[in-house]
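Chain G is fixed; fit chain W onto it per the hints.
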Amino acid sequence: MAIFPPQANVLMNAALLGTFAGGVLLLLSIWVVPVIGYNTEERFAPEQPIPFSHKHHVSGLGLDCRYCHTMVEKSSNAGMPSTAICMTCHSQIWTNAAMLAPDRQSLAENISIRWTRVYTLPDYVYFDHSIHVAKGVGCTTCHGPIGDMAMTWKAQPLHMSWCLSCHRDPAPHLRPREEVFNPHWRRTPSTPSGEELMAQYRINTKNLSDCGICHR
Amino acid sequence: MAMTLTSELPAAPVVAPDVTLASLSEQVSGRVLMDRAPLWWWAGFGFSFTLFTLLVIQMAWLFVNGIGVWGVEIPVAWGLAIAEYVWWIALASGGTIVSALFFLTRSPWRSATNRIAESMLLSAAPCAGLMPIMHLGRPGLFYWLFPYSTVMGVWPQARSPLWWDFICLIYYILMSIMYYYTGILPDLATVRDLARSRFKQIFYGVLALGWRGSSEQWRNQRTVYAIMSAIMAPMVISVHSVVGLDFAGGLTPGWHDTQFPPYFFFGAVISGTAVIIMLTIVVRWGYGLQDVLTAYHFNAMAKIMLVGSVMLAYAYVWEAFGPIYGSDVAQKTEFFQRAFGFTAPAFWSEKILTVVIPQLLWLPAVRRSRTLLFLISGGIIVGMWQERFVFTTSSLEHNYMPSYWGRYYPTFWDWACLAGTIGLFLTLFFLFLRFAPIVSIAEMREVIEEERSK
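Protein sequences appear in the order of chains G and W.
Okay, so the first sequence: first residue is 2 according to our numbering, each after it adds one.
Okay, so the second sequence: first residue is 95 according to our numbering, each after it adds one.
Same shape as in the complex, but just chain G:
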């Protein structure tokens, strides 16, 4: 008596093919899953205690980035504005807006507003805003069209490969110092070239992608 019916061959071939296809699918997913937007949270705008609009304040009213993010030129952390900074204007205008109730409560109780972080870096990554600003990396290079965002969303994946893409070749990402905080800056024919800026800022790429630059 035969052990296997004739269709066993088809089954076996299907099983082998399926195993192979499954393996390929697994490899593909290992490669693809980490880079899809759902995992990197790109274009994701979390809810905030106050629906603060950069579009209104920056593009509309023309506030400078540094007006609120006061530490960005001096410190690793750009700094979130204190309630008092909000109140420089909002003690005068929109004083009764329901939207700003958490702001007034914060002032009254002297407890900071807890904003939801949009850009999160792991603890083992050392990142310093001041050095990037000082070397001509503009706000929008990493934060995307922040001046046109109604709600703040994440514009970049923050993968190590993304960091390295600039650390290995900074020239195309640099701009003149006076344009760093310009939310709508575009390179024009009169802009100094990336190489010129590299020389001007004395950027040395020799050790810019060393492990210890970011993993201290």
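Don't read these hints as lab results, they were simulated from the structure.
A few of these clues could be false.
Here are some chain G residues pointing at chain W (derived, C-beta under 10 Å) [what the hints assert, rightly or not]:
id, residue
1, 5
2, 160
3, 163
Beyond 12 Å from chain G on every Cβ pair, some chain W residues (computed) [what the hints assert, rightly or not]:
id, residue
4, 141
5, 162
6, 200
7, 227
8, 248
9, 276
10, 322
11, 323
12, 343
13, 418
14, 427
15, 431
16, 433
17, 503
18, 539
Model, not experiment: these values are computed from the prediction.
No residue lacks a Cβ here, since even glycine has one placed at the ideal position from N, Cα and C.
Chain W alone, transformed into the frame defined by chain G:
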């Protein structure tokens, strides 16, 4: 007749004269198809599995608490785990040498022992592979060794022998699995044909991949097997040499030595053959395969072991000669510390076990005595373990700066790791013994035919 390993034993048959093709198939398949395993199998498997659970407990404890549960500490960051990695991979490599190298030389004694060698190697390779992963500070990230750069944008360091080693090990294990499977395919079909229960017919039928024994299938199988042997034989030498480069690439006195790659290969020849002899003696006794595994086989393998021990003696001479003749004070200091310091007992007993005692194998009477062979082989395996332990830890204990010297004491969990991997090894081997033909029926048929035509 050309001078061969077995030429002085013309009277000893490769296989007993009363073994026929049918009786061989029945005898070997019968061990796989029997409904109840013999008591000695259960005893051995139970013991092995108990040790294996110790490995699981050890790994859980290690992964929860971190690598500090072992005795490794700066300056000795490579402890038992790395020494045992080399030890295990050498045992595995020995299996490939017996199986692939002596297939190419068409040695008749290889036909009955190659399956034992390959089963041994497939049992030892996982033990070897586990060691470096357990030894990582963050074992969960071992997959970073794979060359993919989806999110990090960096590739593994291709100039590091450690990475070559990883690549070698992966290919070696995959090749070994395929080599084993290619060789066992006709035997699985024999087992399928002799199986009576429906479940076993289907189980071995699926594994046999529809093998019918047509001349075309045979031709393909023999061609593929010969090509794989021709790849495996040089590959195992390079794999084990790269393990040697792990050490030789390190700027540590006692490691930084050009002789390491061949030195490791010599160790693989002797320790691999030793473990195959021990397992062959056990299998022969347990499964009553005296007709198939004869004095002829032990004589040949004992000579391989003797050759291995002589090659190792040569390496030991250079181990001493290099530092003493050279001008490097650190090398010299390290060697004298190794030979006469803390590790002296292990250093000297290792030389006795792996080089001095095996010289008894020059005597034909010793090669004929299975008890003596078993003891000498066991001694060699223990001695090789000591050798790896000594050069791994002693070199790190005596680095360039005397202020940086330190001691390495294995903890309970180090020893649990050793015992546990022995458990894993034996567990896997007992499973091979129970569920797969442990002697190559197909190749033995050829040997029987050749013997008959003499």
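Structure-based check of each hint:
1. 5: Since chain W brings a Cβ to about 6 Å from residue 5/G, closer than 10 Å, the hint holds.
2. 160: Interface hint status for residue 160/G: holds (4 Å vs cutoff 10 Å).
3. 163: Holds. Min distance 8 Å.
4. 141: Residue 141/W clear of chain G: closest Cβ-Cβ about 35 Å, beyond 12 Å.
5. 162: holds (20 Å)
6. 200: holds (33 Å)
7. 227: holds (18 Å)
8. 248: Given that some Cβ of chain G is not farther than 12 Å from that of residue 248/W, nearest at about 7 Å, it is violated.
9. 276: The claim stands: residue 276/W keeps its Cβ more than 12 Å from every Cβ of chain G (closest is about 16 Å).
10. 322: Label holds. Min Cβ-Cβ 20 Å, cutoff 12 Å.
11. 323: holds (25 Å)
12. 343: For residue 343/W, whose nearest Cβ neighbour in chain G is about 19 Å away, the distance exceeds 12 Å, so it holds.
13. 418: Correct as stated: the minimum Cβ-Cβ distance to chain G is 39 Å, above 12 Å.
14. 427: holds (32 Å)
15. 431: holds (34 Å)
16. 433: holds (39 Å)
17. 503: holds (32 Å)
18. 539: holds (22 Å)
Of the numbered hints listed earlier, the single one contradicted by the structure is hint 8.
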